[in-house]
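Novice: Chain residues, written in single-letter form:
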Amino acid sequence: MSPRKRITMNDHAAEASLFKRRALFTFLCVFILLSLLFVNLYQLQILSYNDYETRSNDNRIRVVPVAPSRGLIYDRNGQLLAENQPFFSLEMVPEKVDNISETLDQLGQIISLTDDEKESVIEALKYHRRFKPLTIKNKLTEEQVAEFSVNQHRFPGISIEAGLKRHYPYNGLMTHALGYVGRINGRDRTSLEKNNQWSNYAATKDIGKLGIEKFYESMLLGKPGHLEEEVNNRGRTIRTLKSEPPVPGQDIYLTLDLNLQKKAMELLNGRRGSVVAIDPRDGGILALLSSPTYDPNPFVHGISSKAYNKLLNSTSRPLINRATQGQYAPASTVKPHLALLGLESKAITPKTRIWDPGFWQIPGVERKYRDWKRWGHGWVDVNSAIVGSCDTYFYDLAYKTGVDAIAKFMEPFGFGERTGVDIYEESAGIMPSKDWKRLRYNQPWYIGDTISVGIGQGYWTTTPLQLANAATIMANKGRRFVPHLLKSIQDQTAKIDSPTDELAPIVLNTPENWDIISEAMRDTAHKSRFKDAKYTAAMKTGTAQVFSLAEDAKYDADTIDERLRDNALVIAYAPYENPTIVLAVVLENAGWGGKNAGPVARALLDEYLLRDSWDKKE
Amino acid sequence: MSAHNHRQNIWQRLHIDLPLLIGLLALMGFGLFVIYSAGGEDLALMDRQLVRMGLSLVIMFAVAQINPEVLRRWAFPIYITGIILLLGVHFFGEINKGAQRWLNLGFMEFQPSELMKLAFPITMAWYISKFPLPPKKRYLAGAIVILLVPTLLIAKQPDLGTSILVAASGIFVLFLSGMSWRIVGGFIGSVLAMLPALWFFFMHDYQRTRVLTLLNPEKDPLGAGYHIIQSKIAIGSGGLWGKGWLEGTQSQLEFLPERHTDFIFAVIGEEFGLIGSLLLLTLYLYVIGRGLVIASRAQTSFARLLAGSITLTFFVYIFVNIGMVSGILPVVGVPLPLISYGGTSMLTLMTGFGILMSIHTHRRFIDR
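Chains as they are written, first to last, in the working numbering: chain A, 1 to 618; chain B, 1 to 368.
Calculated from the structure, these hints are not laboratory results. Everything numeric in this text was worked out from a predicted model, so none of it was measured. Cβ coordinates follow ideal geometry from the N, Cα and C atoms, glycine included. Hints are supplied without guarantee of correctness; some may be wrong.
[Stated by the list, open to error] Only pairs whose alpha carbons sit at most 16 Å apart, straight line, appear in this in silico EDC-like list of lysine to aspartate or glutamate:
#1 A/K434 <-> A/E411
#2 B/K156 <-> B/E218
#3 B/K130 <-> A/E577
#4 A/K477 <-> A/E577
#5 B/K130 <-> A/D11
#6 A/K96 <-> A/E83
#7 A/K346 <-> A/D295
#8 A/K531 <-> A/E512
#9 B/K136 <-> A/D11
#10 B/K136 <-> A/E229
#11 A/K209 <-> A/D188
#12 A/K262 <-> A/D606
[Claimed, not checked] Which residues of chain A face chain B? A partial, calculated answer using Cβ under 8 Å:
#13 V30
#14 L34
#15 L37
#16 F38
#17 Y42
#18 Q45
#19 Y49
#20 N59
#21 R62
#22 H226
#23 E228
#24 E229
#25 F409
#26 W436
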């Protein structure tokens, strides 16, 4: 071998070994870099696994809330007062519709869309997210639903959404007791969020706004269910993973009697006034009418502002619940209670007689307080004072007892404070006293104020419900309940009676005094309106000087005269021996109580006690 | 060279390296499984991929029959052809997805940059092996010219992924040739120093966005960050054992974009978990190891350098792809070698492995 060749051979060997070293080094680098990838994968797949798993599930799983169906509301006899009706609306996902105005035109040929409706859809689109469903038309008829369904393939991205909406089959008949549901607004939402209730409304759009619907909202609502759906990257549902059905709201039965309520409505016939009837055996309210009333159904679908303003500005104030918020001077309807006070406080005895010349004077004062009977009642005792509604007798009685004793005695009868009925719309009325006047008007109490209170006027105001409640306590001879509308709740298997809230009874020093008063009320009834009744009733009427319901109301010149007329009132109960119904009726500006309110009471008691189908025990 | 190599077995006569072939087939088989899942169980898609695999194997087999000496002799002409074609793309190429990469040859669309991926290491190995190794500094200038011309032309298309791959294959030749550490260090330093220039003068806005997105993908989760976020969610949610074949929700429900092409590794991570990823990395390491063994056993500098460069370029594919899919490198269009759906890269890679096999099976057995 030549030296040249050896050198080459050596070079070759050196080159080969240099390469091997470099190759080994490179292999190490490769190994390290691949390990680096592995470490990164370990970080992703092991250390951060939970985080990424959650995000993966968030990607693919959509939780769709399912609305529970709202509990139904029945009257005491199982008549349906509030139901859920199927409701169809046409919805469009703008993202999926290529040519929206053309599509609307084609839709119009099938389900008749007006130009206004089309325009409002186009308008709404401007403020609408493209992938969120937009309502094209509400309240589709079944025919429209059928027409569209047949043609559905022509309208990708448009579908019919079915739901349930509250419906009140008797329209305005029960409005002031039932209230209504309406769309959840910002204020509702804030308060729900504050009370951690918001999650229960995940799929529900409506909430009780008034009356029973509001008071028993949580019971009626139920619990939403959930559908867990797997979706792809375009939000299309691939399959349902899990479904938890909603728990429907509980059905409730009210103490209201549909027929009695209907009768009351018929009797008032749109006149301004109120009827409240209570079952004295448990305080259940049999009828609660405020007239005039209004149809709650438009409120469920969102009443137009025009229609709403019409209700709001109506001079007869249909939106106010007269039965629980209307404040009226009780007038002579509280004379039995005042007489009872007189007997109990021994300011009078059953034998006490006074001479009524047609007026009464505070001793030593010239001013005459007139009796309604200008020529006077002559000699009157407690019975004839109640039967004849003798003002003079009660002026004298009030003068003798003083206003504070009256206020104290009337308090357990529920005057001057809320009864606690199970709707939120309730006013307390006013039971005046010396302290009250000082607080309210910063004025001393005058004796003249006491004299007015003595005949249920002056500062004294009550709601019809308070009046009925006080009459119930009288009929019950001191036994007291919180008046209420809820009778029972439908559980899965049985109707569970709502517990009645019985208060401590009024115990008189002389229990016979109850009888003296109720006998007087019985005599009142049977010497006038109930003369020919087939049952024994007790009654007291009242005629109140006008207390303007809304002091800021603007009266038309034409109606002024009417509005200045007296309010007619009556309280009544029957059967006398064992009362099952107590009534209070107030008719605004109707005039004389006995003549105007009395017939309403008579007709209602006849309806309730004499109708054939009536199950008296229930 | 031990004596038993004299007796050539059937595989050697066919110019096939069995250990390498097994590794490649294992990867391709694994790839088929993943594509079936990632492609939404599309059998037509599978057919096309199978045809490509078959074609790639045929080409690999054909290339393996060519003596490396032939490649060495043709190295420079191939290189010049490649440069001309790249210039052709620059002036007459088709614009597709904002990049000018394709040359319409009438009957097919052709990416000259793909040809360059192989022509370039061959040229580099030819150039370096002309001189005694380690190469002297004065030869380096020529090497850098050979390196820069195609790299810049490809980067300008723009095709950052391919230009990185091409440049890397040349640099590997230089490194494996035994260039002194000082030059290697200097070279790495100058590349790092050039990064700002790259950023300001050569990168397109979309490329800059990709780099920024890597640093903070959550900044634009539905836009620029979407790919990388969904990919990381897919991989991360796979956990240790994965969600199971065909059970990956990120890929099956189409949250993961490009799931059967560039982002197919995310499907592997999701459906087969860390264990599946580890298996894949191990397979790759095995193929790389075998490639380096073949390189080390080659008899000429040219063969050694070429084999080493091809093997390491294969690694760069892996590292860049998995790095980008798992969120540690910016998104560049590099497929996962032998797994991703698509023909061009598989043909190129398998041609490269054909060269490796040729190098290994065309050794002359010298009696000493």
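Novice: Please name the hints from earlier in the document that this structure breaks, with their numbers sorted from lowest to highest.
Specialist: As far as the earlier hints go, 2, 3, 6, 7, 8, 10, 21, 22, 23, 24, 25 and 26 are violated by this structure, in ascending order.
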